[in-house]
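Undergrad: Now for the letters of each chain:
2 protein chains.
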Amino acid sequence: MSLYDLSIPQFKKMIQGLERWLDMAQKFAEQKQFDPNVLMAARLAPNQWALARQITTACDTAKFTVARLTGKEAPRHADTETTLAEVRTRIHTVLAYLDSFTRDDFHGASERLISPPPLQGKQILGADYFHQMQLPNFYFHVTTAYAILRHNGLELGKNDFLGDLPVR
Amino acid sequence: MSLYDLSIPQFKKMIQGLERWLDMAQKFAEQKQFDPNVLMAARLAPNQWALARQITTACDTAKFTVARLTGKEAPRHADTETTLAEVRTRIHTVLAYLDSFTRDDFHGASERLISPPPLQGKQILGADYFHQMQLPNFYFHVTTAYAILRHNGLELGKNDFLGDLPVR
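So the protein lines, in turn, are chains A and B.
Per the working numbering: the first sequence = residues 5 to 172.
Per the working numbering: the second sequence = residues 5 to 172.
Misleading hints may appear alongside valid ones.
When chains are identical, the list treats them as one kind, so a pair holds in a single copy or across two.
[Unchecked claim] With a cut-off of at most 30 Å between alpha-carbon atoms, the simulated DSS-like pairs for lysine-lysine come out as follows:
(1) K31 with K67
(2) K126 with K162
(3) K36 with K126
(4) K162 with K76
It is worth saying that the hints were derived from the structure and are not from the lab.
Quick caveat, the model's predicted, so the values are computed rather than measured.
Extracted from the complex, chain A is given alone in its bound form (with noise of 0.2 Å):
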């Protein structure tokens, strides 16, 4: 399986559930009666990141790393989203970034020599950005996400993380 299909179809069902959770806080606030916003302030310790950014940072998480496989420009994000509808606003504009890319995109992407930010002017193989930095940071993110929610009351279960699973 070629990079594009370990990325681009998970990412897009990751996030796709993560808008799920969305619908599901915004009822949840509307039965118990208060403003979901403030789930999108909530965090599990006071130097960790708080829902909102757990969500814009999973989704910057999947732009820079199609972005950089591919050698292309990632659009930029001003993380400002504090309230759901915001995060909402960002979960759509990175499934449509997601759906510009084509398998031909990521021809060489494994052997490509990548230089995020928090690697300081070292580099990274491709398949070893993707595999061993990336997906971890995008699924830890989503995680995190899920357990903020999780630690508020919010009923999520497995079925929710996972997703539709190519069953037969």
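Fit chain B to the known structure of chain A by using the hints.
TA: Just chain B now, kept in the frame of chain A:
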């Protein structure tokens, strides 16, 4: 890259990371003068698994993934660990198990049809089982363990999560 390369070294690295977090948790408990096993029982929601079970489930996810991809019998574990020492032993057990596999064991793994218990008799292709079900599951439990420790005041950072990267 074969499913051997994508599973065994990455599972090992992440699980070795988990053990380092336990080292840090033990020191943290000594400094703050509390029983480190209190952390093993910590959870983020009353109906979510506690830290010990998150870690043993990460170990089990790795174990079942490689067993099912290669058609081998997975060793059974009772999941009765409640202390830091017991969780540590479980980590050593799964690391030794992961070390028992060779690249040849994974021949044909991507095309193998797998029927894990959660699918209730349905089947999934090995490659999909790995990328869409087990890898997300594995990172889910590792990240939830991280989140529980962070929520309880342990100062972990992203580098503790990712571990060493093959930069050049």
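Undergrad: Look at each hint and say if it fits the structure.
TA: Here's how the hints hold up against the structure:
1. For the homomeric pair K31 and K67, the shortest alpha-carbon distance inside one copy (29 Å) is at most 30 Å, but the shortest distance between copies (38 Å) is not.
2. In this assembly of identical chains, K126 and K162 lie within 30 Å of each other by CA distance solely across copies; the values are 17 Å between and 37 Å within a copy.
3. In this assembly of identical chains, K36 and K126 lie within 30 Å of each other by CA distance neither inside one copy nor across copies; the values are 49 Å within and 38 Å between.
4. In this assembly of identical chains, the alpha carbons of K162 and K76 lie at most 30 Å apart only when taken from different copies (26 Å versus 34 Å within one copy).
When the structure is compared with the earlier hints, a violation turns up for hint 3 alone.
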